[in-house]
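Chains as they are written, first to last, in the numbering used here: chain W, 1 to 172; chain R, 1 to 209.
If you are wondering where the hints come from, they were derived from the structure by calculation, not from laboratory data.
Take these hints with a grain of salt, some might be off.
Where chain R lies over chain W, by a calculated footprint (3+ residues, C-beta under 8 Å) [claimed, not checked]: (1) 29-39; (2) 44-57; (3) 89-97; (4) 121-129; (5) 143-154.
Computed spacing ranges between beta-carbons, pair by pair [what the hints assert, rightly or not]: (6) W58/R with Q153/W: 41 to 47 Å; (7) A64/R with D63/W: 20 to 26 Å; (8) K162/W with K38/R: 52 to 58 Å; (9) F137/R with D172/W: 55 to 61 Å; (10) R40/R with T116/W: 40 to 46 Å; (11) R92/W with G52/R: 36 to 42 Å.
Under the rule of at most 27 Å between Cα atoms (straight-line distance), these lysine-lysine pairs were calculated in the BS3-like manner [as the list claims (entries may be wrong)]: (12) K33/W with K14/W; (13) K65/W with K121/R; (14) K81/W with K129/R; (15) K130/R with K65/W; (16) K33/W with K38/R; (17) K33/W with K65/W.
Don't be surprised by glycine CBs; every beta carbon is placed ideally from N, CA and C.
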Amino acid sequence: MSDKSDKKDPLEAKIEQLKQEDLDKVLNVFRHKINREYAAYLSSCVHCGLCAESCHYYLTHQDIKSLPAYKLSLVTRIFKKYFSFIGKVAPRWIGAEELDSVLIQEWIDTLFGRCTLCGRCSLNCSMGINIPYLIRAARGALAATGLVPPGLQSTIDTAVEKGNNMGISKED
Amino acid sequence: MLSILKIAVILSCFVSLISLSILVTKTFSFGRKPLYAKSRQGGIRGIIYAFGRGMMPWEKESAAKHLPTYIAGVVYHTGIFTALLYLFALVFSFGLPDPFISLLRILLSLALLCGFALLAKRIFLPTIKKISCPDDFFANVIVDLSLVLAFVCTYTSSATPLFFLLATIMFLYVPVGKIRHCFFFFYSRILFGLFYGRRGVLPPKTHKI
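One chain only, chain W, in its complex shape (with noise of 0.2 Å):
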């Protein structure tokens, strides 16, 4: 039993751990990350699908999580559920829903793992939405909090020591 929990992914122990000011703080920072351009992107989907075939996520797995609209709205529900007044007052209705472990999750899993910020779902986007820019502030707000999938971190880690993702040094 002991060496199943020592195996667990420590990202996934850290999710489990969250406490609510490390909740907090994720919020706190997207709200930092948050501009008036931002907060316009953020209430303007109108969830039409149209990115669809824009994103190579998607193309390659055919799967709803890959759908841009659907990256977006993660971001978008915490945005209605905690800085717009109908999220507050009745969030189911336009789809708003509180910051938790398991929307954490989904997070890491979705907006680190099915998306390169190419920017191909903002030039076919009907409204005209970055979405990239969205997700940027929302990985920056799990960045924040050290809620970044290990692998990924070890690369950037390797990257600011070395100079370089591959971890060479100079002399090689």
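Given the coordinates of chain W, assemble chain R onto it according to the supplied hints.
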């Protein structure tokens, strides 16, 4: 009774406009993002593209690949704006010439068909259904009903009070749900044009080989 409903339509329209202004003020309260990079060509060309050529289906893969939905959307929104004009013509008792009424009926019936088609798509297409919330369905239904009543009103004035009542509800609902995109569409497209225009990405350059 009709006079009271006319006042209700006008008042709800004002309430809607004021609420949208509050929403914009709230959006502005989030502050401005500092821009450090030098602008390549200014944003105006991007904005012109965003509202012109950039709206055409051949400029956007998403529209080109979903041409029936794109056309349905254009017809639907044209019908909605036509119904709004007709609503205010009724409220302010402007007499409309017969040929215009005939054109109105054609536009409204086409818009209605498109509205129902878009609603059906939202109900039956799993991907769209999954990203939809009750507000999406309600907004579509309330607008479709308005189109139905506008259409009926071109034949009989007995439906006018109901049309006014529904219009009042719809105006009050605008800032609450997704119908607010009647304003945010323009806001977002301007930002889109500014963003890519400033970077020299849009309008796209044609390269000579």
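Hint check results:
| no. | hint | verdict |
| --- | --- | --- |
| 1 | 29-39 | holds (count 6) |
| 2 | 44-57 | holds (count 10) |
| 3 | 89-97 | holds (count 4) |
| 4 | 121-129 | holds (count 8) |
| 5 | 143-154 | violated (count 0) |
| 6 | W58/R with Q153/W: 41 to 47 Å | holds (43 Å) |
| 7 | A64/R with D63/W: 20 to 26 Å | holds (23 Å) |
| 8 | K162/W with K38/R: 52 to 58 Å | violated (31 Å) |
| 9 | F137/R with D172/W: 55 to 61 Å | holds (60 Å) |
| 10 | R40/R with T116/W: 40 to 46 Å | violated (24 Å) |
| 11 | R92/W with G52/R: 36 to 42 Å | holds (39 Å) |
| 12 | K33/W with K14/W | holds (23 Å) |
| 13 | K65/W with K121/R | holds (19 Å) |
| 14 | K81/W with K129/R | holds (21 Å) |
| 15 | K130/R with K65/W | holds (10 Å) |
| 16 | K33/W with K38/R | holds (22 Å) |
| 17 | K33/W with K65/W | holds (24 Å) |
Checked against the numbered hints above, the structure breaks hints 5, 8, 10 and satisfies the rest.
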